[in-house]
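Participant: In the order they appear, the protein sequences are chains A and B. For the first sequence, our numbering assigns the number 4 to the initial residue and increments by one for each residue that follows. For the second sequence, our numbering assigns the number 4 to the initial residue and increments by one for each residue that follows.
None of the hints are false.
Any copy, or any two copies together, can satisfy a pair, since identical chains are not distinguished.
Calculated pairs, DMTMM-like style, for lysine to aspartate or glutamate (alpha carbon to alpha carbon, straight line, at most 25 Å):
(1) K265 x E110
(2) K92 x D266
(3) K96 x D266
Hints were generated in silico from the structure; no laboratory data involved.
Protein chains: 2
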Amino acid sequence: MKSDERSEAIFLLNWSQATVNISIFPLRDFPLINPGDPLADIIVDELRKMDLKDRDIIVIAHTIVSKAENKVFDLETITPSPFALEIGKRQEKDPRKIEVILRESSEIIRMNDNVLITATHHGFICANSGIDKSNTPGETVISLPDDPDSSARQIREVIKKKLEKDVAIIISDTFGRPLRVGTVNFAIGLAGIAPLEDIRGKKDLFGYELKSTIIARVDEVAAAAGIVMGQADEGTPIIIVRGVEYSISNESARELIREPTKDVFR
Amino acid sequence: MKSDERSEAIFLLNWSQATVNISIFPLRDFPLINPGDPLADIIVDELRKMDLKDRDIIVIAHTIVSKAENKVFDLETITPSPFALEIGKRQEKDPRKIEVILRESSEIIRMNDNVLITATHHGFICANSGIDKSNTPGETVISLPDDPDSSARQIREVIKKKLEKDVAIIISDTFGRPLRVGTVNFAIGLAGIAPLEDIRGKKDLFGYELKSTIIARVDEVAAAAGIVMGQADEGTPIIIVRGVEYSISNESARELIREPTKDVFR
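Sequences are here, hints too, so could you generate the full structure?
Facilitator: Okay, structure coming up:
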């Protein structure tokens, strides 16, 4: 490397240290996960390639968690109920998939000829209970993990034990949204990070207290990671987000679910 | 700088070039904007401090756009209508602020003793028509810009002309959301970037076509920028997001508004 290239490298490094606040990058070449795989151990092995730092946030697409935890349903083994058959006919969809959606739900929130929006047993409101066909071989569908917080905590603990790094974990899924077109990545499971950042009581530039600003920090981070999950090659389920200020917490992603009685859109 | 520091700098630079996909950093020390200020020129002058690159995305908090465009209302000059007086009484809020909210709205979407959710004249659905008290001196409130896309396009053109860089602009605001607790930054004005990224037709790992995935790319980017807007010192309204793959487009942020008849939550 020539001397001027070296100076330029040092200049760029200094510049980037001075100005880069947050960086987002994928854990490349992550292996395909199969049902029953020891996911936390596999993640730890892959993270050894990276220069992981304390307070990094690791965002994990729920699909690999669900697969490792056997939340894969072979449609050949599913017998739809009369109700699932009726919805399947109305929506022109596989009634066996509808049956899995209903089994994974606690409540139907909206339903018409096109959409089936449910509350999952965790309380998350999303289309089709988060059941998805893609990224799974054969006549199978994949659901959300049973307890995404618990999955996240387990991965966090194994990283802490084996790599001696104190990181936060967000397990994410891509949901549609009321009112706005297009999907965005959301947090559905957490470990070691507060879901909400309460900036009430902070003063603005003119000394007023900001009244009602509770920021959904983990949804912001999940959305940010979603950019890289989406634009990287297929099979990039793990994204590292570095440089985010956050509060360490044991709270659940369920803190993000608006209480039904306080939700004017429910 | 010692030789080993130099090698480390070069190593770190190479490492960061290899792995950092997206970086997010603020335009620091941005001056306070006053009504009537030539915002695009001020932004260009401040951006000269930065190593701006083609395809950078510049996310701008709507407040500085609204202020420059005189969308600041002195409550002393506002006479509330009988309806605004009634809502103000019911919600224990300043009826003059309610009056501004109603004037900036095209439709009331939800209203009870606590919340007033409207469609703005642009069609965005948010609390209080996006009217905010904070960051404005005296008895004043600030609204959304009249045409955020047009504001974004003007800033983009001035940057192109004076700095010869081809960037995208997102004007953003922080909204609450149906179903989930906490606010997140959303895109309300766009220039030079497609609001939605359509990945239908892409195949997943097993060769299935992904069925219904239209990603709200600009909302992901606005949310990501919101992390830095929120965690930086007060008065950090401009964030640069680098490394996002996006389609250049003249489409409006209004493409993100779900058609009322297709919105099961409206």
